[in-house]
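Asker: Sequence:
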Amino acid sequence: MAGFRHLVEGILILGIKGNIMKITKNDLLMDVTNLIINPAVKEEERRILITYKNNIEESPHLENNIMNLSNELRLLAVKNISSKEKMIIAVNEFYKKICSYNELNKNIARGLGFYGIMR
Numbered sequence: 001m002a003g004f005r006h007l008v009e010g011i012l013i014l015g016i017k018g019n020i021m022k023i024t025k026n027d028l029l030m031d032v033t034n035l036i037i038n039p040a041v042k043e044e045e046r047r048i049l050i051t052y053k054n055n056i057e058e059s060p061h062l063e064n065n066i067m068n069l070s071n072e073l074r075l076l077a078v079k080n081i082s083s084k085e086k087m088i089i090a091v092n093e094f095y096k097k098i099c100s101y102n103e104l105n106k107n108i109a110r111g112l113g114f115y116g117i118m119r
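Note that the sequence shown ends on residue 119 in our numbering; no numbers are left out.
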């Protein structure tokens, strides 16, 4: 069991060092502002981005705002599937960037929880 523990700890350390994604409030605001002024962005996408921009400027809870924006864009994507529309590439790339935010921490917590059950 000690070998397994050493292996798990090694994987966690490698994962943490290699995959940390830092997103700052300023970077997000700049990305969102650029998307808002992009003429190719559809009205519904723009509405979601403007709402998010207003929320992040007023709220100190960056993580919650990122997760809410990710959820809103995901819901829009699902809605677009039924109407056979697509998000523009720039919004899609931005969604990919923010949807993985904080996933590493969740996966580490799941792994540690599973490791605790196995002991």
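Just so you know, the hints here were simulated from the structure itself, not pulled from any lab data. Do not rely on the hints blindly, as some may be mistaken.
Unchecked claim - Taking lysine-lysine and the DSSO-like style, the derived pairs with C-alpha atoms no more than 30 Å apart in a straight line are:
id : residue 1 : residue 2
1  : K86       : K25
2  : K96       : K53
3  : K79       : K53
As the list claims (entries may be wrong) - What follows is a list of derived Cβ distance ranges for each label pair:
id : residue 1 : residue 2 : range
4  : L29       : R74       : 14 to 22 Å
5  : C99       : R47       : 14 to 22 Å
6  : I23       : L75       : 33 to 41 Å
7  : S82       : M30       : 13 to 21 Å
8  : N80       : I50       : 15 to 23 Å
9  : M67       : R47       : 28 to 36 Å
10 : S83       : N26       : 33 to 41 Å
11 : K84       : D27       : 29 to 37 Å
12 : S83       : K25       : 15 to 23 Å
Small disclaimer: the values here were computed from a predicted structure and weren't measured. For each residue, glycine too, the CB sits at the ideal point set by N, CA and C.
Asker: Out of the numbered hints, which ones does the structure contradict?
Answerer: 6, 7, 9, 12
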